[in-house]
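S.K.: My request is simple: use the sequences and hints to build the entire structure.
Chain residues, written in single-letter form:
There are 4 protein chains.
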Amino acid sequence: MSEEVGFVAMAKVERKVEEIKSMGIGILGYAFMGKAHAHAWKSIPTYFWPPPALPRLVAICGRTKEAVSEAARRFGFEQYYTDWNLLIKNPDIEIFDNCGPNNMHAEPCIAAAEAGKHIVCEKPLGRNAEESRRMLEAVRKADVKHMCAYNYRFVPAVRLAKKLIEDGLLGRIYHFRARYLQEWIMDPNFPLVWRLRRDVAGSGPLGDLGSHIIDLARFLVGDIKAVAAVTRTFIKERPLLEDPSKKGLVTVEDAFASVVEFDNGAIGTLEATRFAGGRKNYNSFEINGEKASVEFNLERLNELRVYWREEPVRDIMGWHEVLVTESYHPFYRYYWPHGHIGGWEDTFKNELCHFLDCVVNDKSVAPYAATFEDGWKVDMVCDAILESAETGKRILIRC
Amino acid sequence: MSEEVGFVAMAKVERKVEEIKSMGIGILGYAFMGKAHAHAWKSIPTYFWPPPALPRLVAICGRTKEAVSEAARRFGFEQYYTDWNLLIKNPDIEIFDNCGPNNMHAEPCIAAAEAGKHIVCEKPLGRNAEESRRMLEAVRKADVKHMCAYNYRFVPAVRLAKKLIEDGLLGRIYHFRARYLQEWIMDPNFPLVWRLRRDVAGSGPLGDLGSHIIDLARFLVGDIKAVAAVTRTFIKERPLLEDPSKKGLVTVEDAFASVVEFDNGAIGTLEATRFAGGRKNYNSFEINGEKASVEFNLERLNELRVYWREEPVRDIMGWHEVLVTESYHPFYRYYWPHGHIGGWEDTFKNELCHFLDCVVNDKSVAPYAATFEDGWKVDMVCDAILESAETGKRILIRC
Amino acid sequence: MSEEVGFVAMAKVERKVEEIKSMGIGILGYAFMGKAHAHAWKSIPTYFWPPPALPRLVAICGRTKEAVSEAARRFGFEQYYTDWNLLIKNPDIEIFDNCGPNNMHAEPCIAAAEAGKHIVCEKPLGRNAEESRRMLEAVRKADVKHMCAYNYRFVPAVRLAKKLIEDGLLGRIYHFRARYLQEWIMDPNFPLVWRLRRDVAGSGPLGDLGSHIIDLARFLVGDIKAVAAVTRTFIKERPLLEDPSKKGLVTVEDAFASVVEFDNGAIGTLEATRFAGGRKNYNSFEINGEKASVEFNLERLNELRVYWREEPVRDIMGWHEVLVTESYHPFYRYYWPHGHIGGWEDTFKNELCHFLDCVVNDKSVAPYAATFEDGWKVDMVCDAILESAETGKRILIRC
Amino acid sequence: MSEEVGFVAMAKVERKVEEIKSMGIGILGYAFMGKAHAHAWKSIPTYFWPPPALPRLVAICGRTKEAVSEAARRFGFEQYYTDWNLLIKNPDIEIFDNCGPNNMHAEPCIAAAEAGKHIVCEKPLGRNAEESRRMLEAVRKADVKHMCAYNYRFVPAVRLAKKLIEDGLLGRIYHFRARYLQEWIMDPNFPLVWRLRRDVAGSGPLGDLGSHIIDLARFLVGDIKAVAAVTRTFIKERPLLEDPSKKGLVTVEDAFASVVEFDNGAIGTLEATRFAGGRKNYNSFEINGEKASVEFNLERLNELRVYWREEPVRDIMGWHEVLVTESYHPFYRYYWPHGHIGGWEDTFKNELCHFLDCVVNDKSVAPYAATFEDGWKVDMVCDAILESAETGKRILIRC
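Residue numbers (this note's numbering), protein chains in the order written: chain Z, 3 to 401; chain U, 3 to 401; chain P, 3 to 401; chain X, 3 to 401.
Since copy identity is lost for identical chains, a pair holds within one copy or between any two.
Derived PhoX-like pairs: lysine-lysine, alpha-carbon spacing no greater than 25 angstroms straight-line:
| # | residue 1 | residue 2 |
| --- | --- | --- |
| 1 | K227 | K238 |
| 2 | K227 | K395 |
| 3 | K164 | K365 |
| 4 | K91 | K143 |
| 5 | K238 | K249 |
| 6 | K91 | K23 |
| 7 | K238 | K293 |
Simulated from the structure, these hints should not be mistaken for laboratory data.
In this text, all values refer to a predicted model and were calculated from it rather than measured experimentally.
M.R.: And the structure:
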């Protein structure tokens with residue numbers, strides 16, 4: 003097995019520190035994802051030293067001048083814009099990092115590709131496969147680096163699962179079952195936010211949460227061949243944000259469940275909901291292979307549970323509770339001594355440093371990060387799940 | 003909420019101990035289930051004192067004289083038979099307890115009903131819904147007490163989940179997801195035992211394990227309206243038991259997965275496999291309701307995890323890890339002080355004592371135990387799952 | 003490593019079933035421990051077949067005629083006594099099983115020894131080391147088999163820990179830390195029961211709970227050389243049982259804590275209390291050795307957690323959560339298929355069958371079960387803990 | 003109960019963002035703690051917006067020019083020094099943050115106090131209580147703000163435990179038991195680093211790890227009145243760092259264990275070791291109070307387990323597994339949505355922002371952070387533990 007996992011190539015570089023160049027970053031969006039990405043860019047030198055390049059926070063873009071100017075100061079950007087077209091035109095920006103809502107993915111990304119920027123785009127890539135296919139074509143045509151920010155590939159424990167599979171520890175895979183469970187809209191009086199409107203969000207937990215587990219399914223097991231699914235909207239009307247005395251229709255699903263068949267013969271289940279009381283951000287999966295099983299849960303993201311059927315000492319066979327914080331574990335030698343656990347936000351540091359490395363050193367974004375091609379394929383599965391739920395039929399996926 | 007859960011009525015009986023009568027028991031089968039049932043019948047007075055009746059172990063029946071005679075001595079039966087027809091004709095036997103393999107369920111049970119015996123039959127009731135429907139008709143016609151031994155309804159933690167639902171703690175139910183995972187045939191050289199042959203077993207993990215979680219789904223959530231499923235046979239040929247140098251076809255599935263829709267609007271997933279390395283007897287479920295969620299796993303059967311969304315002290319909201327061994331928990335006042343945990347076999351003691359109580363005191367076996375009607379309805383769902391897997395269509399269940 | 007652990011010798015016996023003889027059992031006490039022991043004796047043939055002997059439940063003894071006669075019927079004894087002297091004189095009784103309160107240990111056991119009975123005595127052996135020394139002398143003089151019923155040695159997971167140590171998996175042991183925590187007298191209005199009176203009980207949680215962990219310390223690590231301890235009585239007066247309007251003095255400790263030094267150089271802590279809210283029967287320990295660590299908790303008694311520092315695949319090093327229910331695990335081949343977990347009461351079946359085997363086949367009760375010598379040595383440590391708490395000095399133990 | 007916990011006062015400030023001033027920071031040390039502190043200072047505006055002040059990273063100091071100059075660039079300091087006297091003289095530095103090894107605590111801190119700097123000093127404060135007493139006197143005399151960086155007070159779950167105690171949820175406290183377990187020097191060939199030499203480190207795991215749990219004991223329960231302890235050095239000689247072919251004496255303990263008595267009547271145990279295989283950074287404690295218990299473990303630092311004896315629904319009493327990431331939990335509204343868990347390093351952000359707030363707004367560092375007075379009192383307990391281990395006597399602590 004390979005000695006260490008992380009940015010393998012980077013570790014080998016014997017670069018002189020003086021030579022580190024800087025790389026201009028421009029971010030669209032300053033809220034949840036904007037904060038996560040901005041802080042990650044800024045943190046890269048602390049952890050990954052010497053870094054592939056020193057991220058230079060050139061500009062941040064948002065709709066409201068007052069808010070975006072404050073965000074710029076808070077996160078340490080040199081300037082701000084309220085028009086993303088200006089951001090894209092800024093020649094100092096080499097990487098365009100799209101942290102906007104789903105309906106702001108396609109147009110700015112396509113424009114940025116045309117402007118020759120390398121692109122990071124938050125997930126899901128498009129609001130549907132058609133939209134993401136157009137985005138994929140744009141980056142291909144422009145020949146820029148592109149990444150769809152499925153950050154959970156960059157959880158050390160998830161990357162360790164990937165490594166164990168690559169190393170052959172699991173053997174042939176029989177099962178993948180994943181559940182991404184949340185609870186934040188269970189109150190019927192929770193308002194009709196953008197995530198509950200199909201025109202903005204594309205879909206509900208399917209695109210928001212399900213896309214993550216579909217991406218992990220593809221990352222860890224392989225392509226999905228067919229789905230048979232059901233969706234539900236439990237609360238059909240909700241108070242309008244702008245006038246809570248009125249109600250509007252929820253136009254996305256509240257939950258979905260699907261059985262899946264993989265190209266390699268494995269079968270499984272995928273499920274996501276916003277109606278699972280007690281599950282805050284419960285992105286969990288289990289894989290059963292011929293020789294080993296693994297289990298993961300994002301609420302305990304520093305841990306991977308592994309059952310190895312070929313354990314040498316029979317008496318102590320059991321699920322290994324692996325605390326994925328050893329220096330030889332993915333990414334962790336850049337962090338802290340073992341047992342000093344990492345947080346959710348570290349996924350962004352790992353992911354964006356990987357992309358930085360790919361851009362600076364002209365490496366392949368795939369297979370460890372998701373590209374726009376992966377983003378499109380995930381959206382194909384999402385579309386198939388919606389179609390199956392509507393028609394009551396097993397839907398084959400043809401990428 | 004009701005004060006205590008268990009055999010509520012029994013607790014109220016102020017019977018004089020002298021008056022305890024005995025009740026004749028005859029068991030078909032002396033292997034795994036036979037051992038579990040025989041020991042449970044014998045243990046009833048130790049735990050449930052005074053018991054509804056003193057079980058009298060009249061006779062046990064099996065094919066091989068030497069083995070069944072030894073079993074009779076071991077478990078304390080007065081006599082043994084190698085022909086189940088003789089067992090059923092024995093007038094001292096009031097309860098016929100069928101612990102035979104699946105293909106030995108229908109004929110002996112129907113005959114026993116015709117002989118006026120009260121009947122316990124191991125699950126699944128029939129090898130398919132047609133067979134179980136005939137069994138149901140027989141017991142109805144004979145007007146005898148009947149129970150299909152879905153014993154996991156009698157795990158204290160499962161019965162507590164039932165109570166919490168009845169008490170309204172969960173409110174409207176949104177999700178049920180259950181997985182019954184085992185690993186015992188992962189070795190490709192594991193032989194072609196009866197459980198892998200459709201003619202004897204009817205189906206694979208669907209009937210063996212899936213039937214348990216379908217029963218729990220119906221017990222805890224309600225009737226299932228539709229399924230969309232997939233099945234797989236990973237190892238298609240296995241060595242013959244009688245001649246390991248030759249191989250025979252595996253004629254049942256190795257695993258199934260299904261999405262389900264309930265009459266009450268809830269959705270969920272069901273899954274069972276014998277190819278989940280590390281899962282020994284992992285019968286687990288999670289229910290998400292409007293007000294609370296519960297989670298259970300048979301490998302830690304003394305525990306129920308509960309998340310209550312209406313917790314009075316917000317700061318300490320979280321999953322309650324309930325050790326279901328308090329005197330006020332289901333069945334446990336008959337056992338030991340709290341923290342002195344129970345085992346898997348206790349489910350049989352609880353279940354058979356319940357049936358004894360129903361027979362002696364002419365009470366309803368339902369809703370806390372499964373009747374032959376429940377057994378038939380479970381088999382209807384199993385048949386629908388197989389049909390969906392074959393046709394690629396969502397199948398509606400019409401009981 | 004040895005192939006299977008349990009009653010190794012017994013497994014080798016190729017006894018003809020017809021030859022199984024019976025062995026007369028007489029029990030003193032019918033409450034908590036009486037129920038546990040009586041049911042265990044009765045269950046032996048179900049599990050351990052063929053058994054060393056068929057236990058014959060000759061007689062049970064208790065103070066109250068009505069209660070003891072009902073107990074005899076309930077548990078299946080042939081007769082009952084209200085005077086233990088008569089029990090001991092009954093020539094059909096070969097094994098005297100003392101389940102009485104602590105102040106009923108010495109005199110009946112000594113008399114039984116003089117009557118030539120083999121003896122099982124519940125723990126702690128005496129109310130102090132002086133009393134247990136007299137008991138030890140009596141059984142030595144009478145040359146009968148003797149066992150002090152420290153049943154937690156017979157939890158499969160604890161016996162597995164013992165095996166791992168014997169196999170050298172842990173290497174040199176550095177640390178032992180054990181805590182036996184309960185909560186049942188936290189209510190200040192809980193009455194002054196016999197366990198809170200030094201004249202009957204000898205001590206509080208020290209003798210009741212602490213003795214168990216001292217026994218496990220000796221069983222797993224070795225003899226204890228020195229202690230330094232503190233005790234506390236948090237609630238100094240409690241309502242009298244006979245007249246709750248009056249209060250009496252609590253004359254035992256409510257909790258103790260001690261540091262310990264072992265002969266072999268290991269150090270550790272021991273702690274027991276009845277004031278740990280949420281801990282029902284939390285008997286837990288952790289051992290850190292040169293090569294491996296183990297962790298156990300009685301509330302999840304089917305599990306042993308093991309960390310092996312010499313794990314061959316570095317990536318998956320972590321605590322193994324071992325479900326100790328495999329056929330190759332201690333005792334479990336006598337029970338159920340893996341994953342069908344056992345209960346607290348099984349410890350008694352394992353322990354009493356071991357003693358039966360020792361009596362019938364003239365084997366050594368030690369080292370797997372505790373003898374009266376072990377019982378005495380535990381009491382020596384208990385006395386030293388009390389002395390240290392009183393004097394503020396480290397006390398050396400001289401057995 | 004108070005609405006939210008964190009920097010309560012700060013949340014109320016309606017400061018105009020434009021008015022945020024900056025505050026000069028100078029750090030001594032750039033290794034483990036230096037990295038943690040530097041990154042935390044830099045991260046404050048991202049999380050705590052608007053912050054009490056914008057930390058300005060003025061200078062960092064270390065012995066080796068090449069290394070410290072690289073550290074300055076990596077962490078973003080304006081300049082660097084190789085002589086701490088120069089750092090202290092820099093007038094732009096208002097806060098002196100001492101991240102040096104233990105033998106570099108006293109002299110630079112005392113000099114910084116004399117220079118009028120506010121001071122953060124890593125723990126333990128001194129190498130013994132005499133040294134820390136001198137440091138305390140210096141900061142008192144200079145009337146500067148001072149904090150001993152016992153950062154685990156700033157784990158959200160630990161601060162929640164503090165809040166629950168303050169709110170009266172636990173009532174009278176009976177027990178505190180803490181264990182800080184590591185494994186990093188179990189290999190006998192691990193070299194004789196400074197932490198194993200009494201002249202540099204003062205003590206072994208006692209000062210390094212034990213000091214943390216003594217601080218938590220005092221923070222959560224109250225002052226310690228007496229200890230009775232044992233220490234051990236398992237590996238007495240180790241290879242020299244400078245010449246591994248030679249060995250030198252280990253002059254600190256490898257482990258200690260102590261019983262403790264608190265002023266308020268509670269008793270408990272404290273234990274720390276570097277010889278607990280499988281325990282990476284296992285800082286854990288359990289508190290049993292009259293009305294509730296809490297349990298914590300740093301390897302799962304986002305969780306607090308709570309058992310509440312006054313739970314309104316008896317059926318679901320059990321340990322609450324609280325994921326301490328709600329917006330109403332300590333500090334977490336500054337971070338991410340619930341379930342997006344935090345890492346070990348966040349403790350430093352919380353702690354240093356608290357100190358910044360105290361300096362800028364002239365607030366009291368105590369009781370939520372440890373002052374030099376707390377640092378001294380912890381060292382008094384450490385000294386008493388060493389004395390008890392040497393003399394075999396219970397030692398009273400007189401602060």
